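K.L.:
Numbering (full-length UniProt numbering), first residue to last: 1 to 326.
Calculated from the structure, these hints are not laboratory results.
Heads up, none of these hints are tricks.
Below 20 Å or equal to it, Euclidean Cα-Cα: the simulated SDA-like pairs (lysine to any residue) are:
| no. | residue 1 | residue 2 |
| --- | --- | --- |
| 1 | K90 | E158 |
| 2 | K94 | S156 |
| 3 | K93 | F240 |
| 4 | K149 | I178 |
| 5 | K94 | V243 |
| 6 | K242 | G75 |
| 7 | K72 | R86 |
| 8 | K90 | A241 |
| 9 | K72 | D238 |
| 10 | K72 | V243 |
| 11 | K72 | A82 |
| 12 | K94 | P167 |
| 13 | K90 | D238 |
| 14 | K83 | T147 |
| 15 | K94 | S78 |
| 16 | K72 | D141 |
| 17 | K299 | C273 |
| 18 | K83 | H180 |
Since we're looking at a predicted model, the values are computed, not measured.
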Amino acid sequence: LSKMAIAGIGGACRIQLGLRRPLLYCLHKVRYSASVVNAESIAEPTDVVHRRVHGNGNNNVLPSEWKMLNSKDLGISSSEIAKPTRLVLKELKKKGIPCSYFTTFSGPHLLFVLFHVPPYPFLCRKFLGYEVFLVGGCVRDLILNRTPKDFDIITSAELKEILRTFPRCEVVGKRFPICHVHVGDTIVEVSSFSTSARKLGGRATIPFRKPQGCDEGDYARWRNCLQRDFTINGLMFDPFAKVVYDYLGGIEDIEKAKVRTVIPANVSFVDDCARILRAVRIAARLGFRFTRETAHFVKEFSGSVLRLDRVWKMMDLFLVFLSHSL
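Work out the full structure, taking the sequences as your base and the hints as a guide.
P.N.:
Right under this line is the structure:
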């Protein structure tokens, strides 16, 4: 972490966004107008976006875009996190001594501590404590001073360990399972780094090599962020350390009010054409504009959304209109 660039944004200066464009105008520009390709005057060419994610081929240094930011400087307050989510975060966090505690030991003292850790993976992780983060659109909304519609948690705990932690909890999803933790009438989604790593393993477009000098924590967080659809959804927030991790340039794109895919847009939309509808929904809801590359391939692959199940298409279109009315 010491090698990561540490940056701050003045807490008194909230990100200011322009007036929201009419939704029908946004849809018209995406589908029909060729000028949408030129809508982004400061957009990066495709090869630059590709290097942002895949690197420059030099594995000897950490990517320069990796940043740690103080959440208070971004205007995030823990009180903005919904109470059920806070309860889940605290319950996972209090399961033992934080891993960072053991970095204070060395030599015989470290050996003494390690020999007192039971040699069973579950008990060892429980003793060391679980890492927990908020991820995705909820972090983006907190930075924008908007109320997130839901909060997603990712943790170092295995799914079976999450099940042991909460009495009202169930695993949902077969291909990419996550946990639904029931807190009163609220369901909090909790995923595991181990599950998301297996999900990432099936995508040939993502690099897997660990950059030299990168610790395991950064590597796990970076790999998880690479799964996200857009850079502004690729932020990770540790509410206990008060740190926001930005591995993809998401903060910069929030400041510029831009929607940019994490991986090259042509690859991203082929990988999941539902991202086209999500891109339109996010742009309409937040008043953001597409980068040149994203706009081009939204238009290029717009016909692919016809392959989606009718239920999903109707749901996404409904959310587009609903979000614009908020």
